[in-house]
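Please build the complete structure, drawing on both the sequences and the hints.
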Amino acid sequence: MRTYELMFVVDPRVADEEVVTMTNDYKNMITAAGSQITSEENWGRRKLAYPIDKLNEGKYVLLYISSETGKTALPEVEHRMRQNDKILRYLTVRTDEAIKRAARRQPAGGPRTGSAASEDRPDAGPDIDVEEEEA
Amino acid sequence: MARARKVFFRRRKVCKFCADKIDYIDYKDVKLLQQFIPERSKILPRRISGTCATHQRSLQQAIKRARHLALIPFTTD
Chain A
1 MRTYELMFVV DPRVADEEVV TMTNDYKNMI TAAGSQITSE ENWGRRKLAY PIDKLNEGKY
61 VLLYISSETG KTALPEVEHR MRQNDKILRY LTVRTDEAIK RAARRQPAGG PRTGSAASED
121 RPDAGPDIDV EEEEA
Chain B
1 MARARKVFFR RRKVCKFCAD KIDYIDYKDV KLLQQFIPER SKILPRRISG TCATHQRSLQ
61 QAIKRARHLA LIPFTTD
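Heads up: the sequence lines are chains A and B, in that order.
The opening residue of the first sequence carries number 1 in this note's numbering; numbering runs sequentially from there.
The opening residue of the second sequence carries number 1 in this note's numbering; numbering runs sequentially from there.
By construction, these hints were calculated from the structure, which means they are not laboratory data.
Just so you know, not all the hints are guaranteed correct.
Chain B residues, not near chain A, derived (Cβ > 12 Å throughout) [claimed, not checked]:
1. LYS13
2. LYS21
3. LYS28
4. LEU32
Below, a sample of chain A positions facing chain B; criterion: calculated Cβ distance under 8 Å [said to hold, decoys possible]:
5. TYR64
6. LEU91
7. ALA98
8. ARG105
Taking lysine-lysine and the DSS-like style, the derived pairs with C-alpha atoms no more than 25 Å apart in a straight line are [unchecked claim]:
9. A:LYS86 - B:LYS42
10. B:LYS31 - B:LYS13
11. A:LYS100 - B:LYS21
12. B:LYS42 - B:LYS13
13. B:LYS64 - A:LYS100
14. B:LYS21 - B:LYS64
15. A:LYS54 - B:LYS21
16. B:LYS28 - A:LYS47
Backbone N, C-alpha and C define an ideal beta-carbon position, used for all residues, glycine too.
Spelled out as structure tokens, the structure:
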């Protein structure tokens with residue numbers, strides 16, 4: 001299973017209702033492709049750390065997405081966001097691998113038990129990250 | 001620990017993330033990241049903060065993500 005986080009920043013001049021409809025649009029695209037929205041956060045208006053397009057504030061929306069199939073429609077969603085000039089910034093992050101890696105480091109009691117690190121990973125994609133465990 | 005010669009302290013630096021058992025550094029955790037971006041908003045080097053290599057790497061990633069979303073600044077002037 002893959003999990004993603006999708007955060008985007010909307011122009012503060014856009015009304016809250018419109019932000020909601022935009023968000024729903026994106027959510028529909030994602031669910032239509034067979035993924036789930038596990039949760040959603042609306043941070044509302046927030047000051048930007050630096051001005052973007054001469055704006056000092058933005059409305060932040062955050063979606064947590066999980067996908068069994070790997071079909072997420074995220075490329076399409078990103079494409080739409082890129083073309084929508086009300087969206088100042090967006091970022092999609094795949095989180096399952098990082099969190100799994102972090103979880104693995106915990107029960108091992110911190111300092112590396114190298115053997116466990118390489119075994120409990122049945123077929124999970126490219127094995128690039130294993131070196132970090134200092135096996 | 002104090003070396004006896006002069007008044008010369010060198011505290012052993014410990015990686016904050018190892019100590020606090022934070023394994024996934026979240027780019028949304030602005031408060032946490034802020035501790036590693038001093039005045040000029042540059043990423044605090046490992047040699048100063050004592051962060052271990054693994055955590056410095058994920059910290060760096062998190063800071064850059066947060067910068068992109070304008071959660072923390074690139075520079076301050």
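Query raised in the report: LYS21 (chain B): least C-beta distance to chain A exceeds 12 Å?
Result: 7 Å, violated
Query raised in the report: Does ARG105 (chain A) pass the interface check with chain B, least Cβ-Cβ distance below 8 Å?
Result: 5 Å, holds
**Report entry** Distance restraint between LYS64 (chain B) and LYS100 (chain A), which requires alpha-carbon spacing of 25 Å or less
**Finding:** Judged against 25 Å, a Cα distance of about 21 Å means the pair holds.
Report task. Beyond 12 Å from every chain A Cβ: check whether that's true for LEU32 (chain B). Result -> 14 Å, holds
Query - Status of the hint placing ALA98 (chain A) at chain B (closest C-beta pair under 8 Å) - result: Holds, because the Cβ-Cβ distance from ALA98 (chain A) to chain B comes to roughly 6 Å (cut-off 8 Å).
Query raised in the report: Can TYR64 (chain A) be said to touch chain B, with a Cβ gap under 8 Å?
Result: Since chain B brings no Cβ nearer than about 11 Å to TYR64 (chain A), farther than 8 Å, the hint is violated.
Query - Hint status (Cβ of LEU91 (chain A) to nearest Cβ of chain B, threshold 8 Å) - result: Hint holds; LEU91 (chain A) Cβ to chain B Cβ min 6 Å, cut 8 Å.
Query raised in the report: Are LYS21 (chain B) and LYS64 (chain B) close enough, with their CA atoms no more than 25 Å apart?
Result: The hint holds at about 22 Å.
Query raised in the report: Can the restraint linking LYS42 (chain B) and LYS13 (chain B) be considered satisfied, given a maximum Cα separation of 25 Å?
Result: 20 Å, holds
Query raised in the report: Does LYS13 (chain B) sit more than 12 Å from chain A, CB to CB?
Result: 17 Å, holds
Report task. Please work out if LYS100 (chain A) and LYS21 (chain B) have their alpha carbons no farther apart than 25 Å. Result -> Holds, because 15 Å separates the two Cα atoms, which is no more than 25 Å.
Query raised in the report: Non-interface claim for LYS28 (chain B): all C-beta distances to chain A beyond 12 Å?
Result: 7 Å, violated
Of the numbered hints listed earlier, those contradicted by the structure are 2, 3, 5, 9, 15.
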